[in-house]
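Number of protein chains: 2
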Amino acid sequence: MKKYGFGVDIGGTTCKIGLFETTGTLLEKWEIPTNKKDDGKNILTDIAASLRKKMNDANVAEEELEGIGVGLPGPVRADGIVPMCVNLGWKDKDVSKEFQELMNGVPVKAGNDANVAALGEMWQGGGKGCDNVVMVTLGTGVGGGIIVNGKIVSGSNGAGGEIGHIIVNPHEKTACNCGRKGCLEQYASATGIARLARECLVGDHDKTLLDNVGEPSAKTVFDAYKKGDGVATGIVEKFAEILGNALSNIASVVDPEVFVIGGGVSKAGKPLVDAVETYYRKAALSSCADTRIALASLGNDAGMYGCVKLILE
Amino acid sequence: MKKYGFGVDIGGTTCKIGLFETTGTLLEKWEIPTNKKDDGKNILTDIAASLRKKMNDANVAEEELEGIGVGLPGPVRADGIVPMCVNLGWKDKDVSKEFQELMNGVPVKAGNDANVAALGEMWQGGGKGCDNVVMVTLGTGVGGGIIVNGKIVSGSNGAGGEIGHIIVNPHEKTACNCGRKGCLEQYASATGIARLARECLVGDHDKTLLDNVGEPSAKTVFDAYKKGDGVATGIVEKFAEILGNALSNIASVVDPEVFVIGGGVSKAGKPLVDAVETYYRKAALSSCADTRIALASLGNDAGMYGCVKLILE
Numbered sequence: 001m002k003k004y005g006f007g008v009d010i011g012g013t014t015c016k017i018g019l020f021e022t023t024g025t026l027l028e029k030w031e032i033p034t035n036k037k038d039d040g041k042n043i044l045t046d047i048a049a050s051l052r053k054k055m056n057d058a059n060v061a062e063e064e065l066e067g068i069g070v071g072l073p074g075p076v077r078a079d080g081i082v083p084m085c086v087n088l089g090w091k092d093k094d095v096s097k098e099f100q101e102l103m104n105g106v107p108v109k110a111g112n113d114a115n116v117a118a119l120g121e122m123w124q125g126g127g128k129g130c131d132n133v134v135m136v137t138l139g140t141g142v143g144g145g146i147i148v149n150g151k152i153v154s155g156s157n158g159a160g161g162e163i164g165h166i167i168v169n170p171h172e173k174t175a176c177n178c179g180r181k182g183c184l185e186q187y188a189s190a191t192g193i194a195r196l197a198r199e200c201l202v203g204d205h206d207k208t209l210l211d212n213v214g215e216p217s218a219k220t221v222f223d224a225y226k227k228g229d230g231v232a233t234g235i236v237e238k239f240a241e242i243l244g245n246a247l248s249n250i251a252s253v254v255d256p257e258v259f260v261i262g263g264g265v266s267k268a269g270k271p272l273v274d275a276v277e278t279y280y281r282k283a284a285l286s287s288c289a290d291t292r293i294a295l296a297s298l299g300n301d302a303g304m305y306g307c308v309k310l311i312l313e
Numbered sequence: 001m002k003k004y005g006f007g008v009d010i011g012g013t014t015c016k017i018g019l020f021e022t023t024g025t026l027l028e029k030w031e032i033p034t035n036k037k038d039d040g041k042n043i044l045t046d047i048a049a050s051l052r053k054k055m056n057d058a059n060v061a062e063e064e065l066e067g068i069g070v071g072l073p074g075p076v077r078a079d080g081i082v083p084m085c086v087n088l089g090w091k092d093k094d095v096s097k098e099f100q101e102l103m104n105g106v107p108v109k110a111g112n113d114a115n116v117a118a119l120g121e122m123w124q125g126g127g128k129g130c131d132n133v134v135m136v137t138l139g140t141g142v143g144g145g146i147i148v149n150g151k152i153v154s155g156s157n158g159a160g161g162e163i164g165h166i167i168v169n170p171h172e173k174t175a176c177n178c179g180r181k182g183c184l185e186q187y188a189s190a191t192g193i194a195r196l197a198r199e200c201l202v203g204d205h206d207k208t209l210l211d212n213v214g215e216p217s218a219k220t221v222f223d224a225y226k227k228g229d230g231v232a233t234g235i236v237e238k239f240a241e242i243l244g245n246a247l248s249n250i251a252s253v254v255d256p257e258v259f260v261i262g263g264g265v266s267k268a269g270k271p272l273v274d275a276v277e278t279y280y281r282k283a284a285l286s287s288c289a290d291t292r293i294a295l296a297s298l299g300n301d302a303g304m305y306g307c308v309k310l311i312l313e
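Top to bottom, those sequences are chains A and B.
In case it helps, the working numbering puts the first sequence at residues 1 to 313.
In case it helps, the working numbering puts the second sequence at residues 1 to 313.
For the record, the hints were derived by calculation from the structure and aren't laboratory data.
Note that the structure is a prediction, hence the values are computed from the model and not measured.
Hints may be right or wrong, so weigh each one.
Same chains, same names: a pair is fine if it fits in one copy or spans any two.
Only pairs whose alpha carbons sit at most 30 Å apart, straight line, appear in this in silico BS3-like list of lysine-lysine [claimed, not checked]: (1) K227 x K173; (2) K3 x K227; (3) K37 x K270; (4) K151 x K219; (5) K54 x K173; (6) K151 x K226; (7) K282 x K173; (8) K54 x K91; (9) K97 x K181; (10) K226 x K2; (11) K181 x K282; (12) K91 x K41; (13) K173 x K41; (14) K91 x K282; (15) K37 x K97; (16) K207 x K97; (17) K16 x K36; (18) K53 x K181; (19) K53 x K226; (20) K173 x K53.
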């Protein structure tokens with residue numbers, strides 16, 4: 001194993017880049033803007049230039065690099081091709097091959113951003129020490145990553161871990177971003193929780209702290225919940241029941257050692273995990289009922305960590 | 001790779017045993033009764049005696065054996081321990097180790113019967129040529145097996161692929177065998193389909209072929225369905241919708257290349273697959289909507305095949 005690796009988590013706005021020791025220590029991190037002009041054709045050259053500069057500044061020789069892992073906001077097929085990445089303007093792009101050529105042959109591997117975040121949390125975060133992890137990212141949407149025997153389950157169409165699109169309510173009337181109705185994401189994301197809150201706040205309802213916060217958000221709901229607010233408790237219980245039930249169904253498919261919950265919503269912390277756990281334990285098959293539910297611990301760096309883990313496989 | 005392997009599929013009543021070429025050809029198969037007396041302590045010695053006899057008769061030397069794969073009706077942990085197998089009377093048993101000692105050191109691997117059946121269908125059956133397969137066994141209950149990158153996902157508690165216990169109807173009043181309510185198994189198994197039929201046949205209902213068959217079964221329902229019977233069509237559509245929706249949710253977790261449908265109910269054949277497929281395609285995330293749904297093709301031999309594949313890994 002060589003000494004260093006780079007993790008590059010490409011987002012729609014910025015690329016998060018980290019220089020790591022392959023033992024798992026993050027030495028330095030920085031960001032560069034994601035240049036989406038001309039169908040994102042300069043993104044990889046910009047990153048390559050930034051990596052070269054860092055190698056120069058930090059005295060890292062090419063021969064000391066185990067490789068470069070790249071995460072991106074779209075599906076990555078098993079053969080490394082990115083069929084479509086709307087956020088970056090890419091289509092049918094062989095990211096690993098192109099980037100490897102730009103980097104003078106240093107090995108490059110690419111993965112979906114939610115999947116590499118899961119891998120990162122497994123390696124050095126909330127799932128450390130486990131080989132079988134389901135990561136649930138509660139952000140604007142709900143993302144996920146499935147790790148089995150230490151490896152990402154990317155799926156034959158790149159849809160492995162798309163757990164935000166498990167249908168949990170066939171009676172839903174409003175459409176999800178994916179066009180279908182009743183997806184987990186419609187209830188368990190930040191926007192989903194805000195929607196549950198708005199539904200509680202229209203018409204007659206008990207007096208609540210949420211009456212004074214303007215447009216409700218996942219944060220204001222959890223803040224009120226922590227203060228014992230009754231209406232907020234109702235909303236959180238509904239969220240927790242839907243998510244806990246969904247996790248129990250995922251357990252009947254891949255039966256992980258741990259569920260790791262990350263994303264902006266997870267900043268609500270232990271009270272959120274406790275609520276989800278209560279419903280999970282009630283709903284799960286008895287053999288899986290004790291599965292641990294943990295908070296993610298790497299925050300926005302999870303993707304970079306996972307990118308590095310990707311090249312160690 | 002050595003020339004031969006044995007596949008041993010231990011059931012509650014009989015052990016199905018096959019002598020295979022490791023290329024995948026089944027040379028001979030036979031059965032012996034499963035001796036469950038004294039907490040099943042003679043099961044492995046009986047099988048060992050039967051294998052020794054066959055090796056003698058068929059002129060197979062120990063040195064020509066790649067190994068022996070064993071399937072059994074209970075969970076098998078990643079470390080090879082069988083924590084509990086009610087049907088055989090076993091508890092905390094290291095099946096591989098014990099059997100390997102009985103067989104003079106020939107390598108032995110053990111797996112759950114539903115999982116090895118999935119592996120068998122991947123290797124030489126309905127999922128041949130694929131590395132990522134979800135097998136659904138519609139029998140008295142609903143079993144399953146998840147194969148990712150050619151390997152069984154047995155799960156950290158041996159509950160990987162327990163897809164019969166995905167909860168599909170939180171409003172169900174009747175309990176499943178597992179003690180929970182609304183499991184897939186309660187609608188998509190042979191007993192589940194018979195139950196759906198009974199519910200349609202109580203009280204007022206349209207005239208139907210099912211009025212003349214006595215107690216309805218999955219077979220009589222599908223037979224009537226194939227003749228265009230209206231009531232049977234309603235039952236099959238309900239079954240197909242529930243199963244198709246469940247498969248679409250599984251696709252959002254592991255995104256297989258193919259779903260393989262086996263078990264006694266699958267003898268209904270292509271009309272069953274077509275009905276499930278219709279609902280699956282409607283319900284699935286667009287990227288997974290074209291995933292193939294195939295019939296299992298190895299029947300009761302799937303487990304033996306999978307046992308052999310287990311030792312080739």
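For this session: Just pull the numbers of the violated hints for me, sorted ascending.
Result: Structure breaks hints 1, 2, 3, 4, 5, 6, 9, 10, 13, 16, 18, 19 and 20.
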